[in-house]
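Using the sequences and the hints, build the whole thing.
From first to last, the protein sequence lines stand for chains H and E.
Residue numbers for the first sequence follow our numbering, beginning at 1 and rising by one.
Residue numbers for the second sequence follow our numbering, beginning at 276 and rising by one.
It should be emphasised that the hints constitute simulated quantities derived from the structure, not laboratory data.
The reader is advised that the hints may include incorrect statements.
Facing chain E, according to a computed beta carbon distance under 8 Å, are these residues of chain H, among others [to be verified]:
#1 Thr-86
#2 Ile-166
#3 Asn-167
#4 Leu-181
#5 Asn-208
#6 Met-209
Heads up, simulated PhoX-like pairs for lysine-lysine below, C-alpha to C-alpha not over 25 Å straight-line [what the hints assert, rightly or not]:
#7 Lys-273/H / Lys-516/E
#8 Lys-516/E / Lys-473/E
#9 Lys-630/E / Lys-520/E
#10 Lys-520/E / Lys-596/E
#11 Lys-68/H / Lys-139/H
#12 Lys-520/E / Lys-473/E
#13 Lys-493/E / Lys-479/E
#14 Lys-185/H / Lys-531/E
#15 Lys-185/H / Lys-596/E
#16 Lys-185/H / Lys-120/H
#17 Lys-596/E / Lys-139/H
#18 Lys-630/E / Lys-479/E
A few chain H residues facing chain E, derived, Cβ under 8 Å [as the list claims (entries may be wrong)]:
#19 Gln-123
#20 Glu-162
#21 Met-170
#22 Cys-171
#23 Thr-182
#24 Lys-185
#25 Gln-207
#26 Val-211
#27 Asn-213
#28 Ala-215
#29 Val-238
#30 Gly-240
#31 Leu-270
Cβ coordinates follow ideal geometry from the N, Cα and C atoms, glycine included.
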Amino acid sequence: MRNGTKDSMANKPKTSARRDRGRRHPLATVALIMVGLIGTGGAYALFTTSATAETSAAADAQLDDGAKLFAANCATCHGMALQGTTQAPSLIGVGAAAVDFQVGTGRMPLAATGPQAEEKPVQFTEEQVAALAAYVASKGPGPAIPSEEYLQGDGNAAEGAELFRINCAMCHNVAGAGGALTEGKFAPPLGDVTAVHAYEAMITGPQNMPVFNDANISPEDKANIITYLKYLDETPSVGGYGLGDLGPVSEGLFIWIFGLGAIVGITIWLTAKSN
Amino acid sequence: MANDHDGTNPRAGTTVEKYGEHNQPTAGTAVVSSDSVQNPGFEPFRARVADLDPAVARAQERRVSAWFVLSIIGSVFAIVAYIIFPIDGTPGSIRNNNFFLGIGIALALLAVGFGAVHWSKSLMDGHDLVEQRHGTRGTDATREKAIEVFELGNKESGFGRRTLIRRTLIGALVVSPLPAVVLFRDLAPAENPVPLLKQTMWAKGVRLTRDPSGTPIKASDVTLGSAFHVIPDGLNESEHKLEEKAKAAVLLMRLKPQDLHVSAGREDWNYDGIIAYSKICTHVGCPVALYEQQTHHLLCPCHQSQFDITHEAQVIFGPAKRPLPQLPITVDSEGYLIARSDFTEPVGPSFWERKL
Numbered sequence: 001m002r003n004g005t006k007d008s009m010a011n012k013p014k015t016s017a018r019r020d021r022g023r024r025h026p027l028a029t030v031a032l033i034m035v036g037l038i039g040t041g042g043a044y045a046l047f048t049t050s051a052t053a054e055t056s057a058a059a060d061a062q063l064d065d066g067a068k069l070f071a072a073n074c075a076t077c078h079g080m081a082l083q084g085t086t087q088a089p090s091l092i093g094v095g096a097a098a099v100d101f102q103v104g105t106g107r108m109p110l111a112a113t114g115p116q117a118e119e120k121p122v123q124f125t126e127e128q129v130a131a132l133a134a135y136v137a138s139k140g141p142g143p144a145i146p147s148e149e150y151l152q153g154d155g156n157a158a159e160g161a162e163l164f165r166i167n168c169a170m171c172h173n174v175a176g177a178g179g180a181l182t183e184g185k186f187a188p189p190l191g192d193v194t195a196v197h198a199y200e201a202m203i204t205g206p207q208n209m210p211v212f213n214d215a216n217i218s219p220e221d222k223a224n225i226i227t228y229l230k231y232l233d234e235t236p237s238v239g240g241y242g243l244g245d246l247g248p249v250s251e252g253l254f255i256w257i258f259g260l261g262a263i264v265g266i267t268i269w270l271t272a273k274s275n
Numbered sequence: 276m277a278n279d280h281d282g283t284n285p286r287a288g289t290t291v292e293k294y295g296e297h298n299q300p301t302a303g304t305a306v307v308s309s310d311s312v313q314n315p316g317f318e319p320f321r322a323r324v325a326d327l328d329p330a331v332a333r334a335q336e337r338r339v340s341a342w343f344v345l346s347i348i349g350s351v352f353a354i355v356a357y358i359i360f361p362i363d364g365t366p367g368s369i370r371n372n373n374f375f376l377g378i379g380i381a382l383a384l385l386a387v388g389f390g391a392v393h394w395s396k397s398l399m400d401g402h403d404l405v406e407q408r409h410g411t412r413g414t415d416a417t418r419e420k421a422i423e424v425f426e427l428g429n430k431e432s433g434f435g436r437r438t439l440i441r442r443t444l445i446g447a448l449v450v451s452p453l454p455a456v457v458l459f460r461d462l463a464p465a466e467n468p469v470p471l472l473k474q475t476m477w478a479k480g481v482r483l484t485r486d487p488s489g490t491p492i493k494a495s496d497v498t499l500g501s502a503f504h505v506i507p508d509g510l511n512e513s514e515h516k517l518e519e520k521a522k523a524a525v526l527l528m529r530l531k532p533q534d535l536h537v538s539a540g541r542e543d544w545n546y547d548g549i550i551a552y553s554k555i556c557t558h559v560g561c562p563v564a565l566y567e568q569q570t571h572h573l574l575c576p577c578h579q580s581q582f583d584i585t586h587e588a589q590v591i592f593g594p595a596k597r598p599l600p601q602l603p604i605t606v607d608s609e610g611y612l613i614a615r616s617d618f619t620e621p622v623g624p625s626f627w628e629r630k631l
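Written out as structure tokens, the structure is:
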């Protein structure tokens, strides 16, 4: 639609210049039909999109900003045409969601190569992230930034929990505390992940996380999973302090050091002679 | 025994004190070695501060009773905490109730124990003493009396004489545990378990469906990098759902077809790079589902076995011995993924009758 509008606007001056009724060229009829078609089409487009003309101009400016930011910050590894290099994958078709996740959580630009890109302070403002996302999305269709209705955390937490246990818990821990993968990689804890980033991670599969597209887990079910994550965040652990929710490792370490330590201490006190 | 208290008994602290001519320890109850190390006896008695200074003794007395008062406070606190932190159904209230009630009760019981130990250590009589163990052999008179009782019983009941009664009684006792044996045997599968271990719900034409909803999966749904957790069609309606799921759970992934190293005979087991592997680890049967979509490693969370999905789930690290069994798949006329057959080998860990 945006391109159509641009074409018709560009064609307008041309068509008015050809409006010379004094001569009748053999092709005049064709030209007249063309003029009529382009005129009505253009007028229609103008009429219906005049409200979006401004936003379209703003979008163009955003794409421009995105292109500049991309060239300055990303192109070294991902290539000027997003084609990818030996250092980094192609970004054609990754979609706005991938950019918003990777850049919005600070994982990109990458600080250093390693087993995986780690979360760090976000390097760009929200507008810059949006500009980058729009630019990358304009180069190939991909998952868009999810709509607000799925991010409210007002779905069914029980269903979300079941899906979480089946699809996510093996890596991210049933309490969302994260866990180790192979060769130094790890699944991050999900406690401080915003709803939009959680959703984007599911649809784009950042780094070694598999993709959970909408055909696998529907947007409503993704909203349920986000509801469960919100529930985990907001609900205190009934059993007291969770020791990181890491299960037998941290709990075992705690009881070996402090539980057995207390028993050893009491035993020494019991058998020591009083002064 | 009388001289135990002054610590001068030369054999105090040894296991066996003194035995008369007729009261030697029975074999196996004590080690009495002729060249054992001489028992040095107790250390000389050393008076404690509380024994010497009545002021300190009074201070210790106050300290012991302070423990007991603390215990009373703990009990009262537990009651108060139970009232002021009621359980109103929210997890936070359950936590507060449990926490403060537990603190109160723990204080009440621990303080009694600590007070008692402190009392005995600081104020009670501080002499070392040994309580001797006696020999286990009874006196000859006792032994004769016991035999007499047995013989009298045998004579009066006729147990030795009335053989019919004796044998039927012994027979009844032998048979009585048999119902338990039958009942416990029936807990095991009635049929031979080996075929159960070798077969799963998968069969030719069974659709691959999503876990837990049971909706069928189209090949086009499985985009590159996706991982689907899969159960066979009809599992949710089957009688032994969990038993069947424990064998039939499958992980479905899509890789670029050129990334797959397909061995001879398995060329048609994947569908355009979509592959399905058993989720049951061949080590001890944990669900292997930690799939890394870039490295194509599959990690078992229990013992860190790693499988390389590009090389037909070959083991690249860890204790697992065999690759994960692959489920041969294709699509049906409607585009849904279906199994070509059951797994071609038993899933999960080794068992006795499994041919390697």
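Is the Cα-Cα distance between Lys-520/E and Lys-473/E 25 Å or less? 14 Å, holds
Restraint: Leu-181/H near chain E, CB-CB cut 8 Å. Satisfied or not? With a minimum Cβ separation of about 6 Å from chain E (threshold 8 Å), the hint on Leu-181/H holds.
For the restraint on Gly-240/H, tell me whether the closest CB of chain E is nearer than 8 Å. Because about 6 Å separates Gly-240/H from the closest Cβ in chain E, which is inside the 8 Å limit, the hint holds.
Hinted pair, alpha-carbon criterion (25 Å max): Lys-185/H, Lys-531/E. Please report holds or violated. With Cα atoms ~22 Å apart, Lys-185/H and Lys-531/E stay inside 25 Å; holds.
Status of the Thr-182/H interface restraint (C-beta, 8 Å, chain E): Cβ of Thr-182/H sits 5 Å from chain E, so the hint holds.
Hint check, Met-170/H versus chain E [nearest Cβ-Cβ separation less than 8 Å]: Interface hint status for Met-170/H: holds (4 Å vs cutoff 8 Å).
When the nearest CB of chain E is found for Ile-166/H, is that gap smaller than 8 Å? Cβ of Ile-166/H sits 5 Å from chain E, so the hint holds.
When you check the alpha-carbon spacing of Lys-185/H and Lys-120/H, does it fall within 25 Å? This hinted pair holds, its Cα atoms lying about 16 Å apart.
Against chain E, with CB atoms and a cut of 8 Å, does the hint on Asn-213/H hold up? 5 Å, holds
Under 8 Å is the threshold here; is the Cβ of Asn-208/H close enough to any Cβ of chain E for the hint to stand? 4 Å, holds
Hinted contact Asn-167/H with chain E - closest CB pair below 8 Å: 6 Å, holds
Holds or violated: is the Cβ of Gln-123/H closer than 8 Å to a Cβ in chain E? At 23 Å from the nearest chain E Cβ, Gln-123/H fails the 8 Å test, so the hint is violated.
Checked against the numbered hints listed earlier, the structure breaks hints 1, 7, 17 and 19; every other hint is satisfied.
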